[in-house]
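Going down the list, the sequences are from chains A and B. Per the working numbering, residue 32 is the first one in the first sequence, and the count goes up by one each step. Per the working numbering, residue 639 is the first one in the second sequence, and the count goes up by one each step.
By construction, these hints were calculated from the structure, which means they are not laboratory data. Only a predicted model underlies this, so the values are computations on that prediction, with no experimental measurement involved. All residues carry an ideal CB built from backbone N, CA and C; glycine is no exception. Incorrect hints may appear among the rest.
[Said to hold, decoys possible] What the simulated footprint calls covered on chain A by chain B, stretch by stretch (three residues with Cβ under 8 Å from a Cβ of chain B suffice, anywhere in the stretch; the number is not a length):
id, segment
1, 32-39
2, 155-161
3, 174-185
4, 298-311
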Amino acid sequence: MENLLQQLLNGITWGSIYALVALGYTMVYGVLKLINFAHGEVYMVGAMAGYYAAHALGVAGTPSLGALLLVLVVSMAACGLLGALIERVAYRPLRGADRLAPLITAIGVSLLLQNAGQLVFGADPKFFPALLHSEELVRVGGIAVSNIQVVVLATALALMAGLQYVVQRTRFGRAMRAVSYDAPAAALMGVPVDRVILGTFVLGSMLAAAAGILVGLSNPKIDPLMGLMPGLKAFVAAVLGGIGSVPGAMVGGLLLGVIETLVTGYLSSTYRDAIAFVILVLILLVRPTGLFGAPQTEKV
Amino acid sequence: MRGAWLAGAVCGASLAFVLACGSNERASNAIVVGHVASMTGDTATFGRSADQGMRLAIEKINAAGGVLGKPIELVTEDDRSVTEEARTAAQKLLQRDQVVALLGEVASSRSLAAAPEAQRAHVPMISPGSTNPKVTEVGDYVFRACFIDPFQGAVMARFAVDDLHAKRVAILFDFKQDYSVGLAEFFRETARKLGAEIVADERYTSGDIEFRAQLTTIRAAKPDAIFVPGYYTEVGLIAKQARELGIDVPLLGGDGWDSEKTIEIGGEAVEGYYFSTHYAADSDSPRVQAFVTEFQAKYGATPDAMAALGYDTAGILADALTRAGSTDGAALRDAVASTQGFEGVTGKISMDPQRNARKDAVVLRIEGGKFRYHKTVSAE
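Model the full assembly from the supplied sequences, consistent with the hints where possible.
Below, the structure is given as structure tokens:
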């Protein structure tokens, strides 16, 4: 029993990283009906930006919550800019083109970032500086909870709550929902559609950056190709939750993390990567709209 | 359009010319030896260390007049730690550079990818550090300068049972690496024979970063020791996550741990853990100390096992070249095969009929962020 609870904790922590990345997929899909396959690479750049920021700011050797927060903010800002740049350069010129064109561009941007990453950062894995001194926080029965797990979960949940607030309670969020619901109509009502789309990319990219930092914190090995698999998995998570649905991406991410952990813990790690894609196929066959993606559900 | 075509043709022609000149020049005055190495990627320290060791040895050999009156030139081809690339790298060295011998790889899976190329070309290949038995079974041109995993696995199983008094042991291995799969198998076999119980047998894949699921299962099995026969990148992460989960029994490993990166990644989490390897840099043997001093003077770092093995591998080749009296593939193969009592920094090296070097293993303990000599296990 305590074993199962420990696995659930492991899974939720791991899944919160998928969830943060999945949010970017789902938001962009919401406003643009585009699967931004370069999103996994934004997550990679987030981790890299964090690595360089930690060294440049001199906090790599002094673990503290402040250091983590500082690196998180810098990396999120850098990726926000990157997201805006990608949208502006790669997707906006194709607005109104056939749906296939931006999809292919997305794959192109993804490959560009992977290879540019190898050129700029080097192909060697890097080891993310310890921004927090890892220690066991509490031990309930046989369940060990480390401070890293708590910080990862808390940060992810705080960011998701923040996003939920932005989407539901702010002017920008309302504009986003309007564009997602019906872009031409929103434009007629005076919603600056292009700016909203740009803002959506910035927001999604910032969340991916946060995921990159959190993974650097809990699994401190980063490399230019690290975004590939988590990118695909997060896409599966977004589809699982219902692509276009913000709560769906959150639940989908957490669920995928838990499923992967349980499969690894109780079956074999051999199936860890396969299970995500089995889920993708099943969802597309049985319930293509995902868990939260019923047509009546509000889309973002 | 036409201009571009012309420019391309001129470039191509001049490139071909340069390449042709380059190889001609080389062939006339140097013995060219190839090194297939992971200079970048997941296990980059293996390739880099081995390459540094080889270059140090070759520099010394050349300073003393080279072999057969010619200097040795080492051409290194990076395989980015990717199995398929090792094969391509070997092909490049054999065909483009016409090397007389191939050195490398360290990782067994990559040696297994490269070895058939050397065998087909009838060019001797010596792996510095591939310990999986299958590597030299590829053919009679394939050698290694190190011991093999049935020995290494038995050493660690014996160490766990006899020295650490472990009755319940768990294994966590990388099922994508022949090295790790083989080592786990031999450890399992010997541990069982010695009366220990394998209470958990979990696996991961090279490149994984999340191991908490497997470690939680292992923790539930309450082992006295955990054998992790992986490569340093994953080992560091595994150690960290094991400590976070409150696992306080020692982790044990093989020579795949032998890289300063294990400590860089693992930090305090790898303290007090043990692994078997080929040599100890803090050994008091004068031969080892001379090597360590020279290596430090040239590269400013303490040589790890792969550097020492690289150094010995180049030494074995030079010794064989001198005895063969030629660079002919078959003659050189016979000379390498008849290596007897070569005094290396990793011990006295003799090739057995299966083209493996029989040598002692050492067990190191990680203490205060350094590898410390713990004990020697004889090959007998």
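Quick rundown of the hints versus the structure:
no. : hint    : verdict
1   : 32-39   : holds (count 3)
2   : 155-161 : holds (count 4)
3   : 174-185 : holds (count 4)
4   : 298-311 : holds (count 5)
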